[in-house]
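Enquirer: Sequence:
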Amino acid sequence: MVEESEDLFLDEEIDSVVHDAMVISSDSTVLEAEIVHSSGMNLKEMFQGVIANISRAFTSVTLFAGSISGAARSKASNFRQERTKNIERAEAIREVKANSDSIVMVASEIQRYEWDLLGMDCPDCATKATRAVSRIDGVESCDVSVMEGNIRVKIDQSKTNSARLARVLNSIGFAPNQPWEVIQGVTPRMVENARTIDRRTLRREILQVPGVLDLQMVEGRIEIKRVDPISTPDDFVTGLRDIIGVEPVLTISSNRSLRPDQWRLLGALATIPILAVIILLESRNMATTAEVVAFVSVFIVGWSMMSEAFNSILNRILAFQVLTTAAVVGALILQEYVEALLVVGLVAFASHLEERAIVKAREAMQGGLDRLPNEARIVGENNKTTFSAFSVQSEPVGNRLMALQPVTSFATDYHPHTTSDMVPVATLQLGDRVEVRSGETIPVDGRIVEGSGYIDRAPLTGESLPVGVTMGASVEAGLTLT
Numbered sequence: 003m004v005e006e007s008e009d010l011f012l013d014e015e016i017d018s019v020v021h022d023a024m025v026i027s028s029d030s031t032v033l034e035a036e037i038v039h040s041s042g043m044n045l046k047e048m049f050q051g052v053i054a055n056i057s058r059a060f061t062s063v064t065l066f067a068g069s070i071s072g073a074a075r076s077k078a079s080n081f082r083q084e085r086t087k088n089i090e091r092a093e094a095i096r097e098v099k100a101n102s103d104s105i106v107m108v109a110s111e112i113q114r115y116e117w118d119l120l121g122m123d124c125p126d127c128a129t130k131a132t133r134a135v136s137r138i139d140g141v142e143s144c145d146v147s148v149m150e151g152n153i154r155v156k157i158d159q160s161k162t163n164s165a166r167l168a169r170v171l172n173s174i175g176f177a178p179n180q181p182w183e184v185i186q187g188v189t190p191r192m193v194e195n196a197r198t199i200d201r202r203t204l205r206r207e208i209l210q211v212p213g214v215l216d217l218q219m220v221e222g223r224i225e226i227k228r229v230d231p232i233s234t235p236d237d238f239v240t241g242l243r244d245i246i247g248v249e250p251v252l253t254i255s256s257n258r259s260l261r262p263d264q265w266r267l268l269g270a271l272a273t274i275p276i277l278a279v280i281i282l283l284e285s286r287n288m289a290t291t292a293e294v295v296a297f298v299s300v301f302i303v304g305w306s307m308m309s310e311a312f313n314s315i316l317n318r319i320l321a322f323q324v325l326t327t328a329a330v331v332g333a334l335i336l337q338e339y340v341e342a343l344l345v346v347g348l349v350a351f352a353s354h355l356e357e358r359a360i361v362k363a364r365e366a367m368q369g370g371l372d373r374l375p376n377e378a379r380i381v382g383e384n385n386k387t388t389f390s391a392f393s394v395q396s397e398p399v400g401n402r403l404m405a406l407q408p409v410t411s412f413a414t415d416y417h418p419h420t421t422s423d424m425v426p427v428a429t430l431q432l433g434d435r436v437e438v439r440s441g442e443t444i445p446v447d448g449r450i451v452e453g454s455g456y457i458d459r460a461p462l463t464g465e466s467l468p469v470g471v472t473m474g475a476s477v478e479a480g481l482t483l484t
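Heads up: the sequence shown begins at 3 in our numbering, then just goes up one per residue.
Treat the hints with care, as some may be off.
[Stated by the list, open to error] Subject to a maximum C-alpha distance of 20 Å in a straight line, what follows is the list of computed EDC-like cross-link-like pairs (lysine to aspartate or glutamate):
#, residue 1, residue 2
1, 362, 118
2, 156, 237
3, 161, 183
4, 156, 47
5, 161, 237
6, 156, 142
7, 156, 216
8, 156, 111
9, 156, 116
10, 156, 118
11, 156, 183
12, 161, 111
13, 156, 145
14, 161, 249
15, 362, 150
16, 161, 139
17, 156, 236
[To be verified] Distance windows between CB atoms, simulated:
#, residue 1, residue 2, range
18, 312, 456, 46 to 56 Å
19, 132, 294, 18 to 28 Å
20, 355, 424, 22 to 32 Å
Everything labelled a hint here was simulated from the structure, so no lab data went into it.
This structure is a prediction, so every number in the text was calculated from the model and none was measured.
Ideal Cβ positions, reconstructed from N, Cα and C, are used throughout, including at glycine.
The task is simple: from the sequences and hints, build the whole structure.
Expert: In structure tokens form, the structure reads like this:
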């Protein structure tokens with residue numbers, strides 16, 4: 003019994019151990035199952051997330067491609083419409099040209115013009131300008147004045163126009179000294195669409211309007227330089243109105259550009275730092291770089307001089323620009339680049355000084371003319387009054403008397419005076435005696451027939467001290483009796 007009980011006890015222990023092992027094994031199986039199940043769920047979710055991201059990316063790419071395709075189709079459609087419109091426009095222009103011998107209306111009568119010129123500072127310049135303009139077919143007469151700095155021409159408007167004359171003068175260095183004016187309320191595109199013409203035709207038509215000197219179309223504006231015809235001033239307004247379709251309203255352009263002489267001055271001043279750079283490069287053994295800088299600078303600074311020389315040759319005129327350009331070209335051939343740069347710089351600076359000096363001289367002369375009195379104190383031959391200064395008798399001095407007193411253009415009831423009277427200068431005749439008192443300005447050119455005094459000749463000769471004059475001496479209008 004004892005053994006049986008021991009065996010039973012042992013069996014019970016074995017059963018408990020087996021039971022415990024089975025419990026542990028069962029727990030492990032459950033744990034493994036949970037771990038495997040949990041890992042499977044995470045992989046599935048990750049896979050689904052990747053699939054969703056790929057789907058969203060594909061959708062975004064599809065939408066982007068669709069938008070690009072739509073934009074491309076829209077641009078292609080706009081391009082086709084624009085091309086069709088341009089083709090129709092070109093066909094309309096060709097039809098207009100085919101149905102008309104000329105779409106530009108020009109005046110057939112003789113026109114006279116006068117406008118100021120830039121760069122007109124020497125007699126040689128006037129000769130060059132006169133010869134260049136006189137060679138143009140349709141020019142009846144041409145007069146270029148150095149002292150006044152302007153040109154007077156008479157042309158046949160059916161053969162040439164004022165714009166062509168201005169273009170020739172501008173090419174040899176005499177640009178019109180007129181401001182740019184803007185046509186208000188009108189753009190080039192508006193006129194082209196309204197009249198079915200292209201830009202080239204519009205430009206040609208405006209340049210053929212009587213009085214137009216130059217034209218530029220910038221930033222949707224039409225700007226012109228013009229001068230009113232002396233013969234028929236209304237031709238300018240009429241011709242421009244026929245082209246743009248409305249009454250032209252012109253205002254001075256707000257765009258301020260430098261004059262040619264100012265550009266030359268800037269070029270001359272630029273040679274100073276350029277020379278400094280060249281010297282610095284040569285001091286650092288960079289001779290090749292210095293030569294390249296000098297070579298390029300010569301053409302930039304001297305471009306105006308070289309272009310004027312080329313156009314002078316085309317117009318069969320040997321101007322000084324031709325000689326200076328030849329000197330510069332010779333220096334470049336000899337690889338004397340610094341010397342060539344000095345030549346173009348000095349020529350540019352001298353041109354600016356020359357222009358400035360002639361402008362000041364014209365202003366001084368105009369000031370002298372503005373000082374001329376409108377009236378003169380005339381006395382008769384029978385008057386025996388003793389004058390406090392002297393009297394002058396009108397007589398021609400060169401051609402200036404006719405320029406200052408055009409008496410032939412006035413009809414006056416002249417009769418000899420027996421007392422001193424104030425009369426208009428324009429009514430004076432040759433042989434009249436005029437009294438001038440101290441502090442007064444001599445009204446006419448003449449010769450002293452009585453008295454003496456001192457006159458200030460500074461406006462004419464620059465003399466700082468008054469000059470004494472006596473009977474028989476000739477005096478000029480505009481001088482002051484001190």
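Enquirer: Hint by hint, note whether the structure agrees.
Expert: Status of the hints after comparison with the structure:
Annotation: proposed proximity of residue 362 to residue 118 holds, straight-line Cα distance about 15 Å (limit 20 Å). The straight-line distance between the Cα atoms of residue 156 and residue 237 is roughly 15 Å, inside the 20 Å bound, and the hint therefore holds. At most 20 Å may separate the alpha-carbon atoms for a hinted pair to count; residue 161 and residue 183 exceed this at roughly 26 Å. For the hint linking residue 156 to residue 47, the alpha-carbon distance of about 97 Å lies beyond 20 Å, and the restraint is violated.
A hinted pair counts as satisfied when its Cα atoms are at most 20 Å apart, and residue 161 with residue 237 qualifies at roughly 16 Å. About 5 Å separates the Cα atoms of residue 156 and residue 142, which keeps this hinted pair within 20 Å; it holds. Restraint check for residue 156 and residue 216: the C-alpha separation of about 18 Å stays at or below 20 Å, so the hint holds. Simply put, residue 156 and residue 111 have alpha-carbon atoms about 10 Å apart, close enough for the 20 Å limit, and the pair holds.
Pair hint residue 156 plus residue 116 holds up; C-alpha atoms about 9 Å apart against a cutoff of 20 Å. Straight-line distance between C-alpha atoms of residue 156 and residue 118 comes to about 15 Å, which keeps the hinted pair within the 20 Å bound. Using a Cα cut-off of 20 Å, the hinted pair residue 156 and residue 183 is violated, with the two alpha carbons roughly 24 Å apart. Taking the CA atoms of residue 161 and residue 111, the gap is near 10 Å; set against the 20 Å cutoff, the hint holds.
The straight-line distance between the Cα atoms of residue 156 and residue 145 is roughly 9 Å, inside the 20 Å bound, and the hint therefore holds. For a cut-off of 20 Å, the pair hint linking residue 161 to residue 249 is broken: about 27 Å separates their Cα positions. Restraint check: the Cα-Cα separation between residue 362 and residue 150 comes to about 12 Å, which is no more than 20 Å; the hinted pair holds. For a cut-off of 20 Å, the pair hint linking residue 161 to residue 139 stands: about 7 Å separates their Cα positions.
Taking the CA atoms of residue 156 and residue 236, the gap is near 17 Å; set against the 20 Å cutoff, the hint holds. The hinted range of 46 to 56 Å is satisfied by residue 312 and residue 456, whose Cβ atoms lie roughly 54 Å apart. Between residue 132 and residue 294 the CB atoms are about 42 Å apart, so this pair departs from the stated range of 18 to 28 Å. At roughly 44 Å, the beta carbons of residue 355 and residue 424 sit outside the given window of 22 to 32 Å.
Figure legend: structure checked against the earlier numbered hints; hints not met, in rising order: 3, 4, 11, 14, 19, 20.
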